[in-house]
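Fit chains W and P to the supplied structure of chain D, relying on the hints for placement.
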Amino acid sequence: MRAVSRPIGLACLLLASNPSFADYQLNLEPGVTSFSQGAYNIHTIVMWICVIIGIVVYGAMTYSILKHRKTNHPNPAKFDDNTTIEILWTIIPVLILIAIAVPATKVLLAMEDTSNSDMSIKVTGYQWKWHYDYIGEDVSFFSNMSTPMDQIKNKEAKGENYLLEVDNHMVIPTNKKVRFLFTANDVIHAWWVPAFGVKKDAIPGFINEGWAQVAEPGIYRGQCAELCGANHGYMPIVVEAKSEQDYLAWLDEKKAAKAAADASADKTWSMDELMAKGEAAYNTNCSACHMPTGEGLPGAFPGLINSPVVMGDIARHIEVVLEGVPGTGMQAFGPQLNDADLAAIITYERNAWGNNTGDMVQPSDIKAARK
Amino acid sequence: MNAQPKPDQQPTQTPDNRRLIRRLLLLVVMMFGFGYALVPLYDVFCEITGLNGKTGDQVVLNKQQVVDESRLVKVVFLASLNDSMPWSFKPEQSFIEVHPGKPTTVNYIAKNISDKNLTGQAVPSVAPGLAAAYFQKTECFCFTQQELRPGEEKVMPVTFIVDSQLPQKMNELILSYTFFTSKQQDRKTSAPLALSLHNQDQKL
Amino acid sequence: MNAVIEEHHDHDHKPTGIGRWLFSTNHKDIGTMYLWFAFIMFFVGGSLALIIRAELFQPGLQIVEPDFFNQLTTLHGLIMVFGVIMPAFVGLANWQLPLMIGAPDMALPRMNNWSFWLLPAAFGLLLASLVMSLMGMGSAPNFGWTFYAPLSTTYGPNSTDFFIFSVHLMGISSVMGAINVIATIMNMRAPGMNYMKMPIFVWTWFITAYLLIAVMPVLAGAVTMMLTDRHFGTSFFDAAGGGDPVMFQHIFWFFGHPEVYIMILPAFGIISQIVPTFSRKPLFGYSSMVYATASIAFLSFIVWAHHMFTTGMPVAGELFFMYSTMLIAVPTGVKVFNWVSTMWKGSLTFETPMLFAIAFIFLFTMGGFTGLMLCIVPADFQYHDTYFVVAHFHYVLVTGAAFSIMAAVYYWIPKWTGNMYDEKLGKLHFWLTLVSSNVLFFPMHFIGLAGMPRRIPDYALQFTEFNQIATVGAFVFGFSQLIFLYVVIKCVRGGKKASSEVWEGAKGLEFDLPSPAPFHSHTTPPQVK
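As they're listed, the protein sequences go chains D, W and P. Under my numbering, the first residue of the first sequence carries the number 3, and numbering increases by one thereafter. Under my numbering, the first residue of the second sequence carries the number 1443, and numbering increases by one thereafter. Under my numbering, the first residue of the third sequence carries the number 19, and numbering increases by one thereafter.
Next up, chain D with everything else stripped away, as it sits in the complex (with noise of 0.2 Å):
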């Protein structure tokens, strides 16, 4: 909502440099990776060769403009070819091409090289969100936006990182070669980030590689920039690069949490925890669709409140929740999420927004839907 007057100011931003837009990045940036610093080399090259060819083209277009308009030089002349400096302008390019396409064959030959990885990560597109699985590990876990619905909406003051941020992050140790293995669960997506260099499709039913080795700690935001249907624009990347140590840590913690929630799955949770848990898993999980308020998209995504499904008989609704509706965007989401989160998710859905029936769904209910 910030920036609704500024189009006039931000015009004077062309011809004098305001220090109030000194965040705003005119050019690529450099990042932190050999891949992105030789992206922003070969760019750098490539846009002054341009700017130069520009310089010269423009200029005696200029000069011939003023110089050789009718008032000035009423007599045109009469030529219409000369051999010499045809030859030479297409020699000429020719030899600036040579020159743009050797250092650009070595940076892309450096970066195509994936071989000798530290450690792999599987990077699954879904619509829409990532998932991240460190193989060898047993850590997998989805990474969804957490913008709230709300500062999409303009009901609330947008974030430092509108868009841009997410429930988990992506960590990878610095000083490691980190290959991301790409796939993608439905349609094509491409995982992007800037810092990094790396864009590669995550395209369904094949691999794709990338890598990256980052020297500095520090978190790397990113966006998925093929477009992959309504909510291409909301699942956003955060890389957090951590020194191996705290990335230990991390990896640990992960493992504990894993663990514990296996656990919480077997015991019986009160209709308060349910609720507490199922609307945040609702809104990190089905809000994008649905909408927080259950309302749904009238013509593309159904509205929950009083909807047959969810009033009627709790084994169809949890059927439809873990294997999904075949031929629309609901997805199976049994492989996805855990019996708890499932449970609480169900029970939410059944009780909030009016829809008050006060049932309720114990993770141990999913646990035995699950054949």
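Heads up, a few of these hints could be off.
Which stretches of chain W does chain D cover? Using the computed rule of at least three CB atoms under 8 Å from a CB of chain D, they are [as the list claims (entries may be wrong)]:
hint, region
1, 1460-1474
2, 1529-1537
3, 1562-1574
4, 1613-1619
Keep in mind the hints are simulated off the structure, nothing from the lab. We treat Cβ as the ideally placed atom computed from N, Cα and C, and that holds for glycine.
Then chains W and P, alone, in the frame of chain D:
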């Protein structure tokens, strides 16, 4: 320059035009066919270049491969389910180290966690793509469709050989399988066209 | 039948009423219909663009939902490419080719009629899907004009079938138009006009027509495969059945890259007609222009995968497509240098067509520079699918192709109507268009480099300012085109009478005919020396 028609003639009737139209239409038909020809051409192209990490069809070993005992190649196994298919699917071990040339068998385990019969088709992919040409499978659950009853668990073996010609630079390969819900099952009503080009049983 | 023949002997007899347009076989009437069709579609596609820009004025969702936003970008792209630029060029070809080569009409007049009337049907279908979407009956096509599988196949909305049929109709229309152009150019030239005496506009259209015949059928094949994948159980693009979604991109771009040149080669031709006239000097390097056009057309077939560097190609492939793409810079450069040399030591005046032509050379070259940057694979990994690409192709297609069409209309409309257009208003239109299009598209370079992906309805806060500038530019640009509409209508209805030469020093057979050009063009073939 020739056959200049008078304005009140129908120019379409000149033999020049008719011959030209026939040739151009032939070109149109050929290019339409070429669009389709790109499909098998693409497969050939992929197999040569390793584009997309497509692996070749089932190989029958007719001569003994030379086993390169001096070298160990790490093969990492990945398992994915497309469109959140309600199965669980994972490799028995996350990686294995093999000598090139030596046949190796590993198992994937799939379980149907839904309450319906489901048929899946596994799609293999190898990374790096260029390694696909050196990755030969003699037996694989991806050669046929797999049907699982509700709750059924199945061990799915794959036997492969990493060619001993594998370039020295490649010391780690990824073998990935993604299970897709079988298309026939998706469309119970529509009879599948017998397009031999893309007949699933012939493909991996 | 006798009566019909009688009528045809009366050279300037025009059929009247709606029948004149519905059943027209006259190249001028059909050309006029093509041009008006393109003009209307320009406003339709432009309105969609203005909704897009209005939504992007601020971060957050204000006007449209994300899915509808995707429908807007998809239809904007399809309409502008297939409904504006291509029909406008076909319209210009219809009007100008017979005039310029000394023919009475196009070679295949009845096919000409059919190929035009398919277009309203095609776009009626496409726009019907948008209307249904507005009525809440499911999405219009929402997968981008590039319709990548599986988003457009397995995950496509029901209206995808409308889209497929519509693309088929557009393809048939374009192919028939191209056949007509080739037949006209090959068989209808005035005596003495050999190939190397043809005006450059005729040459560029001749090559464009071959490109159309070569690639439109491939597009038709691609959408047919989509259709059978969706409904008849084939698996061309579905990995589950042994297909490959990346193959779709290969087939699409095998069509798509030559398509880019289909939209720019006739523009090169137009500029090569206009610049010599207002420089009062013959075109510099006529034959190198012809060879450059032909080599661009050839190269366009071997560069397609530069649109797909991030799909995970082997390095050898990336290098091949990078080098072949770089090569295109050479013939394109030759063209720009030739235009500059044509102006050099000329005697320049700056009527509206010349202003648009000069703006074309400046701004198309900008698009060429960013094109060169985009083909550098490592840098493309950063540019790909960002606003940098959006800036690039709008410089090529709006300030390139669309500017050339406007230049052509100003240049030839006195010949079509017999009246001069309003020069003052024309210049006003030019300057507003020039400034606003740069305000609109130049900032997109910055937001692209800063990392804003394309095709998103909402963006992170650091992109706000430049998006606002672009939106302001968009609205000025859009409404400036109403001036263009007014100038054209005013010129059709009257104005200062144009001489047959129209412009001082204008050369070409079209300027030997009186203004307005008679209903049947060169009824006795002129002799070209």
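Status of each hint after checking the structure:
1. Only when three residues or more bring their CB closer than 8 Å to a CB of chain D does the claim for the region 1460-1474 of chain W stand; here the count is 0, and the claim is violated.
2. Counting residues of the region 1529-1537 of chain W whose CB falls under 8 Å from any CB of chain D gives 4; the rule of at least 3 is met.
3. Judged by the Cβ-Cβ criterion of 8 Å, the region 1562-1574 of chain W is covered by chain D as claimed, because 5 of its residues qualify and three suffice.
4. Requiring three or more residues with a Cβ within less than 8 Å of a Cβ of chain D, the coverage given for the region 1613-1619 of chain W holds, as 4 such residues are present.
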